[in-house]
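Novice: Sequence:
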Amino acid sequence: MIRWVKNCPFVIPGYISKSTGQSTNNYLKVAGYKHNDNDELDSECIYSERMAGMLALFAVIVQTPDVGGQPNPFSIHHAWTWLARIINMAPQAISPLLVQTFLSIAGTAMLDAYGSQTHKLLQAIYSQWLPKLTDTSPLAKAGKSNLTTFLEEYLQSGKIRECEGRNIKTR
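The opening residue of the sequence shown carries number 1 in full-length UniProt numbering; numbering runs sequentially from there.
FYI, nobody ran anything at the bench for these hints, they're computed from the structure. One or more of the hints may lead you astray.
Straight-line distance between alpha carbons at most 25 Å, and here's what the computed DSS-like set of lysine-lysine pairs gives [stated by the list, open to error]: (1) Lys159 / Lys120; (2) Lys18 / Lys132; (3) Lys18 / Lys29; (4) Lys141 / Lys34; (5) Lys34 / Lys18; (6) Lys120 / Lys132; (7) Lys18 / Lys6; (8) Lys34 / Lys6; (9) Lys18 / Lys141; (10) Lys29 / Lys6.
With the hints as constraints, model all of the structure from the sequences given.
Specialist: Encoded structure:
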């Protein structure tokens, strides 16, 4: 888990702030940016896609039910904790992408586990948290638009489309 958080601080969730005296290169490394073969730093697009991918894996794990009597050490209550923590922080440009990625995978399991409490949380994200995103970068605008559409579909139907592969048929 420590290596995972080192590569994707959003799993906690948390935003990395640049410390006084910290070099930009060191700050970006701590935040999870990588250098490519040409020693160029990740673009915002590449970085955000990688962070969303690592967070998607976390969402898959937390929404996975106990199997064969063995409890999932990162059960659904970790999903609630993650979502509550991220919406209690001021949103950054990448935040809507992360929340939408997380909900598209773990949202159905959260609704199953917490019902109306999840509904209230999703309403709060839509009506209170998203309007706080003032960043106008392309990443922020796209993420906000996608999350808004996702939440509007949920609020109209009362359902989150189950992610493909959530229920695997066994023999």
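Novice: If any of the earlier hints don't hold here, list their numbers in rising order.
Specialist: none
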